[in-house]
Amino acid sequence: MAYYRSVGEVPPKRHTQHRDGEGRLYFEELMGEEGFSSDSSLLYHRHIPSAVVNSEVWEIPAVATAPNHPLKPRHLKLHELFPKQTWPDTDVVTGRRLVLGNGDVRLSYAVASATSPLYRNATGDEIVYVESGTATVETVFGALEAKEGDYVVIPTSTTHRWIPTGDQPLRAYVIEAVGHIAPPKRYLSRFGQFLENAPYCERDLHGPGGVLLADGTDVEVLVKHRTSAGLVGSRVTYARHPFDVVGWDGCLYPFTFSVHDFEPITGRVHQPPPVHQVFEGHNFVVCNFVPRKVDYHPLSIPVPYYHSNVDSDEIMFYCGGDYEARKGSGIGQGSVSVHPGGHAHGPQPGAYERSIGAEFFDELAVMVDTFRPLELGEGGQACEDPGYAWTWAGRGPAS
1487 MAYYRSVGEV PPKRHTQHRD GEGRLYFEEL MGEEGFSSDS SLLYHRHIPS
1537 AVVNSEVWEI PAVATAPNHP LKPRHLKLHE LFPKQTWPDT DVVTGRRLVL
1587 GNGDVRLSYA VASATSPLYR NATGDEIVYV ESGTATVETV FGALEAKEGD
1637 YVVIPTSTTH RWIPTGDQPL RAYVIEAVGH IAPPKRYLSR FGQFLENAPY
1687 CERDLHGPGG VLLADGTDVE VLVKHRTSAG LVGSRVTYAR HPFDVVGWDG
1737 CLYPFTFSVH DFEPITGRVH QPPPVHQVFE GHNFVVCNFV PRKVDYHPLS
1787 IPVPYYHSNV DSDEIMFYCG GDYEARKGSG IGQGSVSVHP GGHAHGPQPG
1837 AYERSIGAEF FDELAVMVDT FRPLELGEGG QACEDPGYAW TWAGRGPAS
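Per this note's numbering, the sequence shown starts with residue 1487, numbered consecutively.
Check the hints yourself; a few may be wrong.
In the DSS-like style, the derived pairs of lysine-lysine whose C-alpha atoms are separated by at most 30 Å in a straight line are [as the list claims (entries may be wrong)]: (1) K1633 with K1813; (2) K1558 with K1813; (3) K1563 with K1633; (4) K1671 with K1633; (5) K1779 with K1563; (6) K1563 with K1813; (7) K1779 with K1633; (8) K1570 with K1813; (9) K1633 with K1570.
Please keep in mind that the hints were generated in silico from the structure rather than gathered at the bench.
Quantities reported herein were computed from a predicted structural model and do not represent experimental measurements.
Take these sequences, add in the hints, and give me the full structure.
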């Protein structure tokens, strides 16, 4: 994300001496993507950032998946995964449950009231969509305030923790990439600035406003990483607290973006899903469907036409409003629909006709389209509505 920020105390020239008021050197750390060939930031620590005193195995939450076989569309009820009595002891890091995943992206869900441990995902960037609730996200770059409707974008290997705030639990829909996540290239100039036709811009992205200094010794950080055997976790103990950065600058840092700041693109006839795109990763995209005026051709049909996902799986998380095309299917707030490649899907029976004449859709949903098949995680298997696949036909499997 090539939008420069400078926070706290940094020297006038990079890779030069930077000292505190008593003459002690700060320790410069380059945090960069793709080796030294992409976006980066320089962070200035009070202590050596690589000083560790212990490392042990962390048994990460279950990551095993099962194929969508036999092939069918599915409806997953995420709100059933976390009974109310579990909220006080659940945090967004260790409590998340895997819903769907493949080798490029994992989708998880958590309902949490507990503060998470310090955490670093060394496999890729994370986007956490806040369905409801509020939180402070403390990071090595500083703190972010997250609220309902926010995407919280956390670059890979950023040490951070989640602190739910307020009276309600934090409902978090987690998109974990294996690699990096960025705005779509078509929204950007060749120098990285948002173009005039982009549905959001730099003013809508909110990074840390100040540094976050903490003291402490022998501080544990949970690190998710990969080995030849797959995804694993380690408990790494640092000699000094990682939140010792007095200043940083660069183009790589965590930020929030509110779905309510996304300006929808509409037309005379129904627009295809790419107009709703907000982020892209390796082999997947993220779109959001927000309240908007709909098609205004006199003969338009505002709900989506039936379509076959030839090259991708389409995953829709319904997080607000009234989704017109899914009426009669059982889908509601907190639902996820899984429409896999190889399956033609579209509006439920009656929705096609009912939408004629509509001028506005009051809906809010986050969609992830993948270009490799997704498999069901333990969370997805635990909350499936078994009747969804047959709702277009109005009856179950033939006997």
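Outcome of the hint check:
1. K1633 with K1813: 28 Å, holds
2. K1558 with K1813: 19 Å, holds
3. K1563 with K1633: 22 Å, holds
4. K1671 with K1633: 27 Å, holds
5. K1779 with K1563: 28 Å, holds
6. K1563 with K1813: Distance of about 15 Å is within 30 Å: holds.
7. K1779 with K1633: 25 Å, holds
8. K1570 with K1813: 27 Å, holds
9. K1633 with K1570: 20 Å, holds
The structure agrees with every numbered hint stated previously.
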